[in-house]
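Asker: Residue-level listing of the chains:
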Amino acid sequence: MYHIRFVFGLAVLLLTACAQQSPVPPLNLDVPLVDVSARFVTERFHAGDAHEEHDGHAGEEGTARSEWQFWRTASRIEMNIPARQTGEVWMRDGNAVFHQKLFHADRKIVEYQSADLDALNVPMQWRTNELMIDPQVLQQLQVDAENWIDGHPALELSGAVDGIEYEVVWLVDLNLPQHLSKQDADGNRETTRLLNVELMAQASVQQPDSSGYEIIDYADLGDRERDPFVIRIQNQLPGGHAHTH
Amino acid sequence: MFTQLKQRKSPLAAAIGLLLLAGNVNAQDAVPASAEEWFKHGKQTVKAAEKLKHNERKARNVILFVGDGMGVSTVTAARILEGQLREADGEFNRLSFEKFPYMAHSVTASANQQTSDSAPTATAMVAGIKTNDGAISVDQTINRTEPSADVTAAKSVKTIMEQAEERGLSTGVVSTARITHATPAVNYAHISNRDWENNTNLPAGATVKDIAAQLIDFPYGNGIEVVLGGGRSNFMTNQSVDPEYPTRKGSRTDGRELTQEWVSQPKSAYVWDQAGFDAIDPSSTDRLLGLFERSHMKYEADRADDTAGEPSLADMTKKAIEMLQKNKKGYYLMVEAGRIDHAHHAGNAHRALTDTIALSEAVKMAQEMTNDKDTLIVVTADHSHVFTLAGYPSRGNPILGKAAINGVELKDSLGLPYTTLGYANGPGFIGEGTRKVFNPLTEGYVAAEYVGTKSRPDLSGIDTTDPNYLQEAAVPMGSETHAGEDVAIYAAGPKAHLFHGTQEQHVIYHVMSQALGFSGSHWGW
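Line by line, the protein sequences give chains A and B.
Note that the numbering used here has the first sequence beginning at 1, numbered continuously upward.
Note that the numbering used here has the second sequence beginning at 1001, numbered continuously upward.
Just chain B, with the same shape it has in the complex (with noise of 0.2 Å):
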């Protein structure tokens, strides 16, 4: 399968290629405005993709951007919505990723689950296998609490990160989740269970070293170059004040101080908030270890409000190849968008959206600076989430808004205006009485006042853009949940020809490997 031709070139190469695509691009940019040029623009596609040619090269570099959570559907949202935020033609609108040349369906069961969580799809996308629910670059025969280290060991499965390291080549892992979180863990570490992320969340007698100081301790090659994302209290101890919030304290009550373990190697930096960031030179630094919020980054859609400044996710992965692309070996890097899948679970979905665009962001910069002759581009998601677009509204009605044809409100059966984002389940309005408020004086959960009579609140005077909004879920749940349905697979450069039709989702390690050129198997074969 592939969509629109855009690859990345050399700034010449490009300049070239854009004169001669001149005619295309114009085509492919100008929305049609009748049949004839619709038409014309569906035959100028399949032209366009007859000149793809496989990229049969070695990779040098391999990027994985991982957009938590973002499904399908998400990534339909949020490319409408970044046209309409540039007043441009939305549905004809495509995020940075969308133009790659090659895509596949990605198949995102795990080991024993139908519909998965973060910690085996990710282990599937950098390990090669398949594995149970909350496990962490390890296989389907640990038990999901297993204290062991050496039973751990016996089971763990080694990374493309790791499989980087031994071969000379520098490594990068960034999230605006915590560093710790399911997919960039499954990177660097080898544990059962996701939540063990600070000494305090094993249990005890544990030998197993938690996630945050299996970064640390990280034992390939000359040790991971770049870190970035959130989860500072994972690497400070219970007596170490936070630098962002002064009345908060670390977590770790092992007295390991493991920003200061981080620095204490030479030429290496910890940054926590946006002016340490910018104040780092690349070319002076050979590790970064940069942290900037307690928990989980912001979203996008709040980031201008942090107290200390946060990078974007773009910022973050532009420092992060800065600093990479210095080791002529090449590099691994994998960038996730770590809030989308937040986001969701919250029933928020304009969050959720604004995140992807950040993502969309990122992957554009990557694009900028890399050429796509010896870099492998990835971009997927670990599961999808209930979340859907529904109704027959007109072309160009706002996304976050209700369904409209040419600005008149459909109505459901009930005669109510509906929205066209909604969730099948999750903590968005239900029904009549059955959303809680919260009321702090009380300790009470009262039911939510709604206004009319029906069985769905009328959103007549409901601004449903207002990025608070929660859309409206079927079944009630204190969080939504992720989807089963297939995710996305977008990929250009080096063997992005080998993602096609639909994948399981342990492929994408296998491509990523393949194009490396990295051979042989944990297992020796």
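Pulled out of the complex, with its shape left as it was, chain A reads as follows (with noise of 0.2 Å):
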């Protein structure tokens, strides 16, 4: 189970004893996001298929679970692993987006170009990626019950939406999933849960400090076929591949 310690002023902690007596509003996206900092846990269960590749390892079948941090801002959306030492931004500034993929060990970052990503036919899903689900998806689901968890409001929701099976229980204050399940009809399950969520300007974990970090334009991999940290991660970016024949 997640842990959640706000830190909230007086007025804060009376407005959410109030809302633990009232009713639990309904979905709205079309708000401005609460700044979080957030941990969670995803677990991915691959069901095996001897024709199929999945991580390299062709037709395992097995759960593979990885803790992850979350920041969100309205300019800036971060995850962080951990145990291995990478990490993905997404940053807003103006009509621009950028997108990197941060190596800490090596110190170094990948960074994408809006176009880049368009060539890659990578989706800049803002609004996907600061929700964890696409908004569209969300909405298409059933409410199946309301709840107060730890003080915030929550609906569960479920559904099929392209042949994808969903359970979520979302935080419509935070608006932020506290339980996020998939299920495809192989049998393929990943499940997201929440360990713990702060609000961004009482976060005890920052984001790793990444300012020093030698930034490499994705363009120009191609041009660095001898650079050992290139050759060596190559193939852990979009459009590169995971061939094993």
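A few of these clues could be false.
So, partial list: chain A residues that the calculated Cβ filter (under 10 Å) puts toward chain B [said to hold, decoys possible]:
| hint | residue |
| --- | --- |
| 1 | Leu-120 |
| 2 | Arg-193 |
| 3 | Ile-216 |
Mimicking DSS-like on lysine-lysine, the simulated pairs with C-alpha atoms at most 27 Å apart in a straight line are [claimed, not checked]:
| hint | chain 1 | residue 1 | chain 2 | residue 2 |
| --- | --- | --- | --- | --- |
| 4 | B | Lys-1329 | B | Lys-1318 |
| 5 | B | Lys-1249 | B | Lys-1326 |
| 6 | B | Lys-1329 | A | Lys-108 |
| 7 | B | Lys-1328 | B | Lys-1267 |
| 8 | A | Lys-108 | B | Lys-1249 |
| 9 | A | Lys-101 | B | Lys-1249 |
| 10 | B | Lys-1364 | B | Lys-1328 |
| 11 | B | Lys-1099 | B | Lys-1155 |
| 12 | B | Lys-1051 | B | Lys-1099 |
Hints in this document: simulated from the structure, not taken from any laboratory.
We put the beta carbon where it would ideally sit given N, CA and C, even for glycine.
Bring the two chains, given one by one in their own frames, into a single complex with the hints.
Answerer: Given below as structure tokens:
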């Protein structure tokens, strides 16, 4: 179970106490999102298929588990996987969107411009990234129950969209999932659970400081054919391959 | 070798020439529709070639255009696309520089590479020698990561830009890539590692200056007059907020604000957006630095989407010539279409070809602004890419589409359609379950789902003319690679006829140098 450690002021506490007596408000994604710092765990169960590859291991059945951190503001979304010492950042600056892959152990960043992402068919779905689920999918799910979880109004939702079965517990005030489960027709399942959430202003865990990292433009990877770092990480990048035949 | 005759002339001479050659031009432009017309066309082409006269004059100006990664297959595909975009016969179409009278093959192997990167190939073009991978205008004896300024100086080779400045000519460098990227950098910098673009890239204890600093500290003549391109962050400190993207800052940690240093000189200007660029009056500005992106400038296909606006390669070429031609002694200018290479690396033919067409427009602009009696224009590539045109599509079949005869799609041995354009390696579709897709939630990269059950994707329902379509690649690689075959050299103007046959790439420098009347060598002979 997750543990929430807000350090709210007196006014916020009073509001929360009042809110706990109130009905759960409806889903509303058309509001400015609260800046948050959160920690999640994701488990992926791969049903196994002799004709498929998954993370370089063809046909293996099993569960992979990883804990990761998440920071969300209006202009920046960052994810960090401490165990892998890697992370991802989406930045919004006016009409421009930048995406970065962070390699903390190497103190290097690979940065993508909008056109790179277009060419690689990487969708720039800012809303999906900050909500962690496609808002159109979320709005198609059926509300099964209403709840209050540690002072937060929550909706339990479920349903199938495009052949994927969803189960979601949604914290309405934070617009963040407390539980997000997806399963496809082959039995592959991905479950993400919230472990901890704080307001960004009171976050106890800060984003890794990447200000001194070397930034490598994605477009330059092809000209760094002898760079040991580039050779090592090429296949972890969008557009790369996990070919094992 | 030569292509169709079309030389630049003064307006009067051009008008007379057009009158004289009217019949010929018409014949050249119209697509032959019968055996007789094809035969006649061939004969007229030879007749025009017979009128070619070598221009033995000394060049006052030299403009070197480089299409980074613009192999012959890229030129052919771009020629077809440019024609088809105008609803003309793409196969009969010619890009502006393909109409130049002289051509040669350029052997691009570097001193230590069969298939080269841009640093030694560009060095060959502007310094007259072959060198090793990653080397920026230093010779092949240097260590790839040489940190010493003294050692680097001892192994440096003087470039044509430096020699031009020494002789009182004006100089400029224009690129759609970062202006500190390998191809533009070879003109003004000397360094063993092309990646040392700002001071944070240098190894600890290095005394050699980074590439951006070398541009600003350029010691020859009265300095470079025109610098236009991308790479703004390499010229700003990490305390300076980027003017176009306020959430971003510069890269330098040595406290040097290089753009400020540039404008500290008299009659110097620095611009970073379209409005600033447009406001520059060449008659009252002697030195212009334009840095239009933090990193590379936009692809031509995406330029309209830029927040602050960016000039096209043709716009930048025009402004550069307007400034440089103020010097009656003449000028040297390099113009690079730097992103043809990047689009190919990404496996994206559309952007590679549209950037090639943008280069053609820039060359056309230069032709219109100069006279081939005194200006040598050279158009070439530093290296090729593993890009190909395949199958047996009908003449007129959309070049970005699927190979088809009279609209009926051709099929491979699996019974699946395929595109005319493709890559030997790279990030494009390759086979069942092998392409990774991006999953931002989990850091995982999962196998793409293919429609169909064959070992190639079924493209029947795919619009391969979409600008974001990645052409298929045979060998899966995160980034498509350069290719080692020769590239073409197209030339017009004084001494252009010295390009002939299959020549080593460093001969380009020697023809330009000969045309400008530069004698002697770095070594004193």
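Asker: Decide, hint by hint, whether the structure agrees.
Answerer: Here's how the hints hold up against the structure:
Checking A/Leu-120 against chain B by beta carbon gives a least distance of about 7 Å; that is within 10 Å, so the hint holds. Residue-level restraint check for A/Arg-193 is violated (minimum Cβ-Cβ distance to chain B is 13 Å; threshold 10 Å). A distance limit of 10 Å between C-beta atoms decides the matter here; for A/Ile-216 the minimum to chain B is near 9 Å, and the interface restraint holds. Restraint check: the Cα-Cα separation between B/Lys-1329 and B/Lys-1318 comes to about 19 Å, which is no more than 27 Å; the hinted pair holds.
With a CA separation close to 36 Å, the supplied pair B/Lys-1249 and B/Lys-1326 exceeds the 27 Å bound. Distance hint between B/Lys-1329 and A/Lys-108 is unfulfilled; the C-alpha atoms sit about 46 Å from each other, more than 27 Å. Annotation: proposed proximity of B/Lys-1328 to B/Lys-1267 holds, straight-line Cα distance about 18 Å (limit 27 Å). Restraint check for A/Lys-108 and B/Lys-1249: satisfied, since their Cα atoms lie roughly 16 Å apart, inside the 27 Å limit.
Distance restraint check for A/Lys-101 and B/Lys-1249: the Cα-Cα separation of roughly 18 Å lies within the 27 Å cut-off, and the hinted pair is therefore satisfied. Proximity of B/Lys-1364 to B/Lys-1328 is assessed by CA-CA distance (about 22 Å); at most 27 Å being required, the pair is judged to hold. For a cut-off of 27 Å, the pair hint linking B/Lys-1099 to B/Lys-1155 is broken: about 39 Å separates their Cα positions. At roughly 15 Å between alpha-carbon atoms, B/Lys-1051 and B/Lys-1099 fall within 27 Å of each other, so this suggested pair holds.
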